[in-house]
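Following the hints, position chains B and C against chain A.
Quick mapping for you: the protein sequence lines, in order, are chains A, B and C.
Its first residue numbered 1, the first sequence is counted upward by one per residue in UniProt numbering.
Its first residue numbered 1, the second sequence is counted upward by one per residue in UniProt numbering.
Its first residue numbered 1, the third sequence is counted upward by one per residue in UniProt numbering.
Just so you know, the hints here were simulated from the structure itself, not pulled from any lab data.
Quick caveat: nothing in here was measured; it's all calculated off a predicted structure.
Hints are supplied without guarantee of correctness; some may be wrong.
[To be verified] Distance windows between CB atoms, simulated:
| hint | chain 1 | residue 1 | chain 2 | residue 2 | range |
| --- | --- | --- | --- | --- | --- |
| 1 | B | L178 | C | E373 | 21 to 29 Å |
| 2 | C | A372 | B | I177 | 43 to 51 Å |
| 3 | B | L178 | A | L306 | 30 to 38 Å |
| 4 | A | R208 | C | D62 | 31 to 39 Å |
| 5 | C | Q309 | B | I177 | 44 to 52 Å |
| 6 | A | R208 | B | F291 | 37 to 45 Å |
| 7 | A | R208 | C | R134 | 25 to 33 Å |
| 8 | B | A289 | A | G310 | 50 to 58 Å |
| 9 | A | L306 | B | A289 | 19 to 27 Å |
Ideal Cβ placement from N, Cα and C applies to all residues, glycine included.
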Amino acid sequence: MTARSLPLFATIAIFLLAYLVCYLQFPAMLSTRVIGNLLTDNAYLGITAVGMTIVILSGGIDLSVGSVIAFAGVFIAVMLRDTGLHPLVVFTLLLAITTAFGAAMGGLIHVLAMPPFIVTLAGMFLARGAGYMISVDSVPIDHPFYDVLKDAYYLMPGKGRLTLIGVVMLLSVGAGMVIAHRTRFGTNVFALGGGVQTARLMGVDVGRTTILIYAFSGFMAGLSGVVFSIYTASGYPLAMVGTELNAIAAVVIGGTILTGGAGYVFGTLVGVLTMGLIQTYIVFDGSLSSWWTKIVIGALLLLFILLQKGLLRLNARRQAARSMA
Amino acid sequence: MPQAIRRVLPQLLTLLAVILLVSAFFPGFLQVDYERGRLVGPIIDVIKRGAPVALLAVGMTLVIATRGIDLSVGATMAICGACAAWAISSGYGLIPALAVALAAGLLAGLWNGTLVAVFGIQPIVATLILMTAGRGVAQLITEGRILTFTHDGFAFFGSGAILGLPAPAVIWVLAAILFTLLVRRTALGLLIESIGINRRASTLAGINSRVLLIAVYMASGFCAAWAGIIATADIRGADANNSGLWLELDAILAVVIGGNSLLGGRFSIAASVLGAMIIQAIDTGILLAGFPSEFNLVIKAALVLVILVLQSPSLAPRMARAARRRRGTPVGRTAAREAGE
Amino acid sequence: MLLTIRSLTKTFPGTRALDAVDFDLRAGEVHALLGENGAGKSTLIKCLTGAYQRDEGELHLDGAPISPASTQEAQALGIGTVYQEVNLLPNLSVAENLTFGRQPTRFGMIDQRAMRHQAEELLSGYGLGVDVRRDLGSYSVAVQQLVAIARAVALSGKVLILDEPTASLDARETAMLFDVMRGLRDRGLGIVFISHFLDQVYEVADRATVLRNGQRIVTEETARLDRLRLIEHMLGHELEEQTTEGARHAAQPAAPDERALHFDGFGRRGKIEPFDLSIGRGEVVGLAGLLGAGRTETAEVLFGVHPAQSGTARAPEGPLDLGNPRAAIAAGFGFAPEDRKTDGIVADLSVRENIALALQARRGWARPLPRAEQNRLAEHYIQRLDIRTSDAEKAVGDLSGGNQQKVVLARWLAMNPRFFILDEPTRGIDVGAHAEILRLIEEVTEDGMSILVISSELEELVAVADRVIVVRDRRHVAELTGTEIATDRIVRAIAAPDAKAGEAA
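Excised from the complex, chain A in its bound form:
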């Protein structure tokens, strides 16, 4: 087990342990029904977290995703209400917009050489404001195609529903894994996370890569918005406040180092499911209050950040000891 994969194994171990605890207390939690719901309920978070993983692997951060998802919902709802366009056309339009939006943020980060934190903060305000300007109120979506999408599921043995949006999330994770770990672009992302100067020396086109990274995150946030609109059958500009934080938390709990350069997209899926599991457990328990979710997530964050810091120190010390010997 290398230092790189240790956090991933820790994540998986924690998830399995948590699931075991849940199962021992509530045997029903092992049913495909619960598993299906876990995937469906966290689909939107999982999808945007994949984009966030790529951003964080590159050493950046994207605070705009929650607002972009909300914008997507409102955009879709209003377009379907006011135009006769087919949802698929609207989806395409939307994804083009959010991808371009992400690319624009990436471009600004590169050109202005400013911290991603503050650039995407502006993006967060802008996307939220844009959603607001389209509609202030919640807009219901009433389209036959949406009923089709909503009811598309595969009935697993044990009456669990593997819904379309659950599948979209799993596919997104798969695509994210391929992009991050199996393409030159993905290697460039890791290179940026390892050190921008070194990456440049090794021939990475830093500007192009940065733009692509945030464009990808914008695309994923848009896709997440599509999924969320299917999930809730409405669009509301105030929805999804704070989703960026949950996505960041899922990425970190998934074992990706928040300063970039090391991590796994698959870990993010486990992170999302861990966070979903905590919520499910609280629902099953009934007596526990919802705020424990936040506290447990915070504790997990602390655990992983300290774990990573410890690993880094250990590595440095081992290197130092070796070079001194």
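Chains B and C in isolation, oriented as in the chain A frame:
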């Protein structure tokens, strides 16, 4: 022109421009009346409503001056408000309630500061933990309810008036003045700027940067506690879910509008609280001028972008060089040097 | 000739980093590039690799003129560089690092197996038993170094520049590296080897070029280059000219009981072997040695930057705690570090604030130095040290290097330390300021201040020091007193024990 005024001149002019613009659409913006022993009017409202962000901006200015950032202030506000409301509704009285809230704020700062200064975790990562967990802690204290209370003494901090001015306004102005005096009448300001610019050289010169860093985060927690007290007193109840929600972003924005570089170093608390007032004036102004409030966020976004361009290390050198000929601003200077290296 | 450089000149504001330097590299040779810090080695390399644009001069590679505008371009032309801090990505696998930017793909996806295969092939000549799938960072610096060389050779394949590759390698690893270097040389590569370990230069290099103050001093076959001569070239002292006796070492060495500070067995693993040192009131002790021999390390251990792991420090009033810089300052120590930009000045603060900084830190935050007092201090030192600044409120970052150095000196003089450590106080500053700083050292010792001065300029040490301690291989190896303090003696001490072998050669 004295140095102090020249430093805040851009912010003063911006605020003035915002006020004029709003007045053009809403002529009564600057009108102030005297009713039942207190001043009332839209501009007074701005000063009052801007209190939490202004308070947070005071602490945030110090944190950012050390090259850090504190994402947890909103959650800290909620915790402190919840602590105060719990103490009041449990019948402990005013002074213990304030003491508990302030202690909670200082503790939150100690936590953040320890993670940053002792464990060496990046500030943005370290404070993210409390940002996530803090609201849960606040809800734990209020047990998920909006913890309401009736206590005129405590409510005074939200809705009372001192010499005709709203109590929250007096508190933030006092906090800004006291903190400014604290850092400028002692050597704290210089030492904070020094570790923000070059921590290594500062440590070699004998500055105890570790303790100083922790103190700065504790100051941020202290300011957040007062903001929480005001927010709680204002609605006579602690709303763990919404108290201080996203105010950390407004506070950071206020500091940045105040011309303080996110890369640390020279800072001005006065400019930061002016930044907070600019944000609040836009907020209130848009409502009063009859524009839909949705414009607010877009304007904020535009504002951030303009400031980003002004501060950008890659674009600023040219502007800074021009500015230096007219005696440069600290922001431009930092940026220029960053780019030069 | 594989690579020829003719009258290469590069100037920076205030300094001429390279002054009409000529340099030739043959195919199939290891050519050592030598010189102390600031001699112009790294500037030369950077002009060669496109990181800097030269002001004047010509570069020819294989007879064709070149002027690389970026590292990539230099790489494409055939000039590859490996730096001391390995410029690869420790968070990627060995295979990814080796094939970075040229990973074999199939259907747009990286073909893992082909990539591994390629990587193993690239490493095959190097005799490394590494698993190319593992993270580069999990291997030792030596292995990372060799992987970086393999990548550079694969990418460029004509000229290989190795910038202090052995700085953090042990003897076995160094031997491994040298084997690889010889193998590459025999394959016809031209290798530029930068190192400050002279033994290694003699072991592996065919020719050596010495730079000093931006000028080429000599290029010679290493077999015909006397070791003493080489050190003289590097340190800028010619044995022929009779060494002038400095003013100070006529003075009797202080009797032991008068000595103010005693360090017994002071040392830290990996920094400096335990050493004993006593310094009397008003005494100037010089520390000589080559770069990396333990000069700065000695200073940092004394000042608590890297606190000593063994030994004790004693002053007349009792034992001293030197666990960190604050403690050292409390004990009356001051330290003007070598790299004043990162360790000395606080660039955005004014001259006045920089001068008052240490004094203020010692007083504590609650007792601010009154503004009038700060102004007085600033004015005093601006005059006394002749700091060229328009006024005391100017940011220190806007001053020239020499004036920045004077500000750092002023900061410590304002503290009136009993023991002041100066690490290369005159590096990179003009001649006038140079003399002023030496005069200043004389002046303050008259008031009883003890000084440890580190310098690679031997004349400087001879001029100011009462005693000179010589370091080699992270150990204090010699102490020269009285009339022994002469540049030739110092050079000999630095070069020993192989000096005789060098003379014989």
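Hints versus structure:
no.: 1; hint: B:L178 <-> C:E373: 21 to 29 Å; verdict: holds (25 Å)
no.: 2; hint: C:A372 <-> B:I177: 43 to 51 Å; verdict: violated (24 Å)
no.: 3; hint: B:L178 <-> A:L306: 30 to 38 Å; verdict: holds (36 Å)
no.: 4; hint: A:R208 <-> C:D62: 31 to 39 Å; verdict: holds (32 Å)
no.: 5; hint: C:Q309 <-> B:I177: 44 to 52 Å; verdict: holds (49 Å)
no.: 6; hint: A:R208 <-> B:F291: 37 to 45 Å; verdict: holds (39 Å)
no.: 7; hint: A:R208 <-> C:R134: 25 to 33 Å; verdict: holds (29 Å)
no.: 8; hint: B:A289 <-> A:G310: 50 to 58 Å; verdict: holds (54 Å)
no.: 9; hint: A:L306 <-> B:A289: 19 to 27 Å; verdict: violated (49 Å)
Figure legend: structure checked against the earlier numbered hints; hints not met, in rising order: 2 and 9.
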